[in-house]
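Chemist: Which chain is which? The protein sequence lines are A and B, in order. If you count the first sequence from 1, you need to add 8 to reach our numbering. If you count the second sequence from 1, you need to add 9 to reach our numbering.
In short, the hints are calculated from the structure, not lab data. Hints are not guaranteed to be accurate.
Claimed, not checked - Cβ-Cβ distance ranges computed for the label pairs, FRET-style:
#, chain 1, residue 1, chain 2, residue 2, range
1, A, Leu130, B, Asp275, 49 to 59 angstroms
2, B, Glu106, A, Pro47, 51 to 61 angstroms
3, B, Arg303, A, Pro47, 45 to 55 angstroms
4, A, Glu169, B, Arg85, 40 to 50 angstroms
Claimed, not checked - Taking lysine-lysine pairs in the DSBU-like style, the calculated list, with each CA pair at most 35 angstroms apart, reads:
#, chain 1, residue 1, chain 2, residue 2
5, B, Lys192, A, Lys16
6, A, Lys218, B, Lys192
7, A, Lys280, A, Lys375
Where is the CB? At the ideal position from N, CA and C, for every residue including glycine.
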Amino acid sequence: MATVTYDKASRVYPGQDAPAVDSLDLQIEDGEFLVLVGPSGCGKSTSLRMLAGLEEVDGGSIRIGDRDVTHMPPKDRDIAMVFQNYALYPHMTVAANMGFALKIAGVPKADIQQRVMEAAKLLDLVEYLDRKPKALSGGQRQRVAMGRAIVREPQVFLMDEPLSNLDAKLRVSTRTQIASLQRRLGITTVYVTHDQIEAMTMGDRVCVLKDGHLQQVDTPLKLYDKPANVFVAGFIGSPAMNIATFDLVEGDRAQLGEADVHLPPAVSSAVKAEGSDTVTVGFRPESLVPVSSEDVGGIPVTVDLVEELGSEAYVYGHPAGPKAEEQSDRMRSDTVIARVEPRMAPHKGEKVTFTVKDGESHFFSVKTGERIES
Amino acid sequence: MELRILATPHEQQALLDLPWDMPLEEWPEWYLVALPRGISRHVVRFTRLGGRVYALKEVVQSFADREYRLLRDLERLDVPSVQAVGVISGREAPNGEPLDSILVTRHLQFSLPYRALFARMMRRETVERLIDALVVLIARLHLLGFYWGDCSLSNTLFRRDAGAFAAYLVDAETGDLHNRLSKGQRDHDIEIARVNIAGEMMDLAAAGYLDDTVDPIATSDHVVERYYTLWSELTEWEAFDVNERWRIARRVERMNDLGFDVAELDIVTDIGGRTVRVQPKVVDPGHHSRRLLRLTGIDAQENQARRLLNDLDAYSAETDQQGEDEEIVANAWVMDCFEPVMRTIPREFRGKLEAPEIYHEVLEHRWYLSEQSGYDVGLNDAAQDYVDSVLRHKPDELAILGGTAVDPEETQPFRIPWDELG
Numbered sequence: 009m010a011t012v013t014y015d016k017a018s019r020v021y022p023g024q025d026a027p028a029v030d031s032l033d034l035q036i037e038d039g040e041f042l043v044l045v046g047p048s049g050c051g052k053s054t055s056l057r058m059l060a061g062l063e064e065v066d067g068g069s070i071r072i073g074d075r076d077v078t079h080m081p082p083k084d085r086d087i088a089m090v091f092q093n094y095a096l097y098p099h100m101t102v103a104a105n106m107g108f109a110l111k112i113a114g115v116p117k118a119d120i121q122q123r124v125m126e127a128a129k130l131l132d133l134v135e136y137l138d139r140k141p142k143a144l145s146g147g148q149r150q151r152v153a154m155g156r157a158i159v160r161e162p163q164v165f166l167m168d169e170p171l172s173n174l175d176a177k178l179r180v181s182t183r184t185q186i187a188s189l190q191r192r193l194g195i196t197t198v199y200v201t202h203d204q205i206e207a208m209t210m211g212d213r214v215c216v217l218k219d220g221h222l223q224q225v226d227t228p229l230k231l232y233d234k235p236a237n238v239f240v241a242g243f244i245g246s247p248a249m250n251i252a253t254f255d256l257v258e259g260d261r262a263q264l265g266e267a268d269v270h271l272p273p274a275v276s277s278a279v280k281a282e283g284s285d286t287v288t289v290g291f292r293p294e295s296l297v298p299v300s301s302e303d304v305g306g307i308p309v310t311v312d313l314v315e316e317l318g319s320e321a322y323v324y325g326h327p328a329g330p331k332a333e334e335q336s337d338r339m340r341s342d343t344v345i346a347r348v349e350p351r352m353a354p355h356k357g358e359k360v361t362f363t364v365k366d367g368e369s370h371f372f373s374v375k376t377g378e379r380i381e382s
Numbered sequence: 010m011e012l013r014i015l016a017t018p019h020e021q022q023a024l025l026d027l028p029w030d031m032p033l034e035e036w037p038e039w040y041l042v043a044l045p046r047g048i049s050r051h052v053v054r055f056t057r058l059g060g061r062v063y064a065l066k067e068v069v070q071s072f073a074d075r076e077y078r079l080l081r082d083l084e085r086l087d088v089p090s091v092q093a094v095g096v097i098s099g100r101e102a103p104n105g106e107p108l109d110s111i112l113v114t115r116h117l118q119f120s121l122p123y124r125a126l127f128a129r130m131m132r133r134e135t136v137e138r139l140i141d142a143l144v145v146l147i148a149r150l151h152l153l154g155f156y157w158g159d160c161s162l163s164n165t166l167f168r169r170d171a172g173a174f175a176a177y178l179v180d181a182e183t184g185d186l187h188n189r190l191s192k193g194q195r196d197h198d199i200e201i202a203r204v205n206i207a208g209e210m211m212d213l214a215a216a217g218y219l220d221d222t223v224d225p226i227a228t229s230d231h232v233v234e235r236y237y238t239l240w241s242e243l244t245e246w247e248a249f250d251v252n253e254r255w256r257i258a259r260r261v262e263r264m265n266d267l268g269f270d271v272a273e274l275d276i277v278t279d280i281g282g283r284t285v286r287v288q289p290k291v292v293d294p295g296h297h298s299r300r301l302l303r304l305t306g307i308d309a310q311e312n313q314a315r316r317l318l319n320d321l322d323a324y325s326a327e328t329d330q331q332g333e334d335e336e337i338v339a340n341a342w343v344m345d346c347f348e349p350v351m352r353t354i355p356r357e358f359r360g361k362l363e364a365p366e367i368y369h370e371v372l373e374h375r376w377y378l379s380e381q382s383g384y385d386v387g388l389n390d391a392a393q394d395y396v397d398s399v400l401r402h403k404p405d406e407l408a409i410l411g412g413t414a415v416d417p418e419e420t421q422p423f424r425i426p427w428d429e430l431g
């Protein structure tokens, strides 16, 4: 087992100006399940392949534990690329299926037996070692396949979108199973996905990438609660955060059309300090509540659609009011989304004014996109 | 969602008649070619439309689209691979439940899965020839920037090639086309091949299909060795003294022998002018088969083509036409030699072997007969005798789809999808 360190690691594809991965600095702890996530073209798969030795590293270095593996051939790196699936050989016993790759690698027979036994214990397969795969259940077969990777005792497991060929339903059940197996094994794992929900549910920490740059690496909860920039704020969370650019107005308030929100003094002074008179404001659907009589301001919304899910309900609407037209180009999305109490949701066409719960607004610089602490 | 059939117009028509609103697994037998099939990570079935056999693979849409595009790219690049015919997407069961897409590929006629080969013959030489074919295929793919990701005997089909084999890529699901492959990508690809091939051979051994003289590990190590040798022949700089310029011609000949044409050579002379360095820049595989196709219109594998071209040369010498225009002699050879032999083959035997392979075997047969008789028996008699004493007893190889055992699970390695994890 080992840590993994990307030290200003870069990859520039021949003929391209922008690096696919640009000076990536990332430290992955021993035994950690780290997920690389981002939209297509963000550099997540390239980063993984650099660690695997499949992509050349054009700048910086990569270490596994204390070993510099930057220019090491893939097979000497002590990593295992875990496939979406492994072949199981029908005429070979479970033990042989798990151990044959070690035999190819020239590992002594006694060592193979011992490692296969240890893996079988971890995977609850001891009593099946002498059977053929055909005699096993689907789940047991899958564990044999995992056993193939485990007996190699790699320092790091690498997984590149292993669930992408499954339909949505199966993906949900399978991701928890992979995550729990990884925790039992305690082997450092780097996992690539484009799906932020997969990332959030599986990773100890999640590393968000965009255009080859690291945006933020943190625990799922921290990413959600304190996104470091507008991109992370918009990428993490489903339904997505409402994000729009507001004008600063007197008295620690920010306005956009009819919408009027409170601005903490620290934020307004930070915005003024950078010489701006606008600020990007974000609030998650669950941070919106219908206004009560003592509230000042608020966000008027005309309801377009209500999604009743039983345990909760979502309101999808557009900004209401005479100035609503001007707002569209300043909003991330045309839709304002709010989570409301189920069975009490407003009706389509109704106008509702929401306010943001105290301390649940997110503020970002319009110039840099970086988070402004309130 | 709307059912969408992405395919050539000709094939779209035929595909329309299939029951796309049913999960592939539940298709009635009458739609399917009843041949053994292996357990795949996806549901795979074979069907016959307008006299051709098609393979259908049920898989999520993004994967089907991706593999379709990759296979089309490979086809454009002239890589021996199965031909992608289309993708059926937007499938829905009558109750509205969405169904996965289906990737349709055309089954490769006269191709053989390795298990079918091993079930009949398992001599060491056969293994060596399979391996050679696979190594040439991997090198061709790597030259084009294709990373296979799951190279194995199971993901390859073999066609006879004048006693040897030519390998075809069947499964591109894990593949990726790059501008150029890094050393790490090539190393990793070949390492995956090494482990897969050793595993497949160990499984054959466990099943009793492998001759004792074949060592799975040594064989898979051999794949790696052969690959690196071929790769350096195809790509490496070679340096020699300026007086040894004949070595340039030797290099080109060696590449031709391996079945590659050198379209461009990079030659650099050092400042003193004493040393010459040479590196092949553009190499195209299929040297002999392209020449045969150009001269005669006969589409053959590389070794078959070499064999037929040799016969063409011999014909040209025997008939004293060596000074003649190549195309004219080739035309005469087709009329005098190739076509008469093909006419000797009864229609019902034509599914046994491909035409160029039959011609190759007739040439062999003529040689044996002539040796026995002490005089040249001639092509026509040899062909007739070959049909009666050899071809009649061969199995049909036009469409062998799965293994040959009754229970497919007995012979096919199978794959476990993640969704069975539990």
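Chemist: Hint by hint, say whether it matches the structure.
Modeler: Hint-by-hint comparison with the structure:
Evaluation of the 49 to 59 angstroms hint for A:Leu130 and B:Asp275 yields a pass: the beta carbon distance comes to about 53 angstroms. Range check, B:Glu106 to A:Pro47: about 30 angstroms between beta-carbon atoms, so the 51 to 61 angstroms window is missed. Distance hint check: the CB atoms of B:Arg303 and A:Pro47 are about 48 angstroms apart, consistent with the given range 45 to 55 angstroms. Distance hint check for A:Glu169 and B:Arg85: the Cβ-Cβ separation is about 26 angstroms, which falls outside the suggested range of 40 to 50 angstroms.
A distance of roughly 22 angstroms separates the Cα atoms of B:Lys192 and A:Lys16; the hinted pair therefore holds under the 35 angstroms criterion. Under the criterion of a C-alpha separation no larger than 35 angstroms, the hint pairing A:Lys218 with B:Lys192 is consistent with the structure, at around 27 angstroms. Straight-line distance between C-alpha atoms of A:Lys280 and A:Lys375 comes to about 12 angstroms, which keeps the hinted pair within the 35 angstroms bound.
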